[in-house]
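Our numbering puts the first residue of the sequence shown at 1, with every later residue one more than the last.
In case anyone wonders, no lab produced these hints; they're calculated from the structure. Heads up, some of the hints might be wrong.
To be verified - In the DSBU-like style, the derived pairs of lysine-lysine whose C-alpha atoms are separated by at most 30 Å in a straight line are: (1) Lys163 with Lys104; (2) Lys29 with Lys160; (3) Lys29 with Lys159; (4) Lys153 with Lys29; (5) Lys29 with Lys102; (6) Lys5 with Lys158; (7) Lys160 with Lys41; (8) Lys160 with Lys102; (9) Lys29 with Lys162; (10) Lys29 with Lys158; (11) Lys163 with Lys5; (12) Lys41 with Lys163; (13) Lys102 with Lys158; (14) Lys160 with Lys104; (15) Lys107 with Lys56.
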Amino acid sequence: MAVRKIYTFPDPVLRVKAHPITEFGEELKALAADMAETMYKAPGVGLAANQIGVTKQILVYDISRAEEEPALTVLINPEIIEAAGSEIGEEGCLSVIELCAKVKRAKMIRVHALDLDGNPISIEAEDFHARVLQHEIDHLNGVLFLDHLSPLKRSLYKKKLKKLLQEEQEEAAD
1 MAVRKIYTFP DPVLRVKAHP ITEFGEELKA LAADMAETMY KAPGVGLAAN
51 QIGVTKQILV YDISRAEEEP ALTVLINPEI IEAAGSEIGE EGCLSVIELC
101 AKVKRAKMIR VHALDLDGNP ISIEAEDFHA RVLQHEIDHL NGVLFLDHLS
151 PLKRSLYKKK LKKLLQEEQE EAAD
């Protein structure tokens with residue numbers, strides 16, 4: 001297992017639609033282990049393969065609380081097949097630094113996916129669980145939570161990010 005680099009906006013890999021996975025084996029299990037280690041170290045509750053520069057349809061997440069045993073879930077080729085209701089909730093992203101914002105998402109979803117051995121699984125998720133899944137599946141489709149914000153909020157964030165990146169460059173030059 002290894003901690004991988006997490007790519008951040010505006011890196012183009014975050015906009016690539018991930019390719020379906022057709023081969024299951026040790027290489028895929030090693031990728032999932034690396035993704036889990038990277039997510040836990042960040043720390044985050046979810047990570048899609050695009051975020052570490054791999055354009056394959058795999059995501060990992062763990063919504064257990066700090067006082068609970070970790071409960072890692074790995075989904076291959078996940079697809080939302082049903083969504084109902086809506087709610088607005090706070091989101092952040094390991095690939096979108098220095099931003100948390102309220103995003104409207106479906107309150108309940110049903111997801112079909114495969115496990116690490118290629119077996120079909122179905123998940124019904126509500127509230128925070130549904131939010132995490134929608135956020136990570138968006139990543140696999142090249143969509144960032146930024147895309148759910150108003151044009152004004154996106155513009156303000158891009159200006160803030162440009163300033164942050166300039167400050168980092170200036171500090172590195174000193």
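How the hints compare with the structure:
1. Taking the CA atoms of Lys163 and Lys104, the gap is near 28 Å; set against the 30 Å cutoff, the hint holds.
2. Pair hint Lys29 plus Lys160 does not hold up; C-alpha atoms about 38 Å apart against a cutoff of 30 Å.
3. Taken as a hint, the Lys29 and Lys159 pair is broken in the structure, with Cα atoms around 39 Å apart against an allowance of 30 Å.
4. Between Lys153 and Lys29 the alpha-carbon distance is near 38 Å, which puts this suggested pair outside the 30 Å criterion.
5. At roughly 34 Å between alpha-carbon atoms, Lys29 and Lys102 are farther apart than 30 Å, so this suggested pair is violated.
6. For the hint pairing Lys5 with Lys158, the CA-to-CA distance comes to about 22 Å; that is within 30 Å, so the pair holds.
7. About 26 Å separates the Cα atoms of Lys160 and Lys41, which keeps this hinted pair within 30 Å; it holds.
8. With a C-alpha separation of about 18 Å, the suggested pair Lys160 and Lys102 falls inside the 30 Å cut-off, and the hint holds.
9. Among the hinted pairs, Lys29 with Lys162 is inconsistent with the structure: their alpha-carbon atoms are about 37 Å apart, more than 30 Å.
10. Straight-line distance between C-alpha atoms of Lys29 and Lys158 comes to about 36 Å, which puts the hinted pair past the 30 Å bound.
11. Under the criterion of a C-alpha separation no larger than 30 Å, the hint pairing Lys163 with Lys5 is consistent with the structure, at around 22 Å.
12. Among the hinted pairs, Lys41 with Lys163 is consistent with the structure: their alpha-carbon atoms are about 27 Å apart, no more than 30 Å.
13. Among the hinted pairs, Lys102 with Lys158 is consistent with the structure: their alpha-carbon atoms are about 17 Å apart, no more than 30 Å.
14. Between the alpha carbons of Lys160 and Lys104 the distance comes to roughly 23 Å, so the proposed pair stays at or under 30 Å and holds.
15. Annotation: proposed proximity of Lys107 to Lys56 holds, straight-line Cα distance about 26 Å (limit 30 Å).
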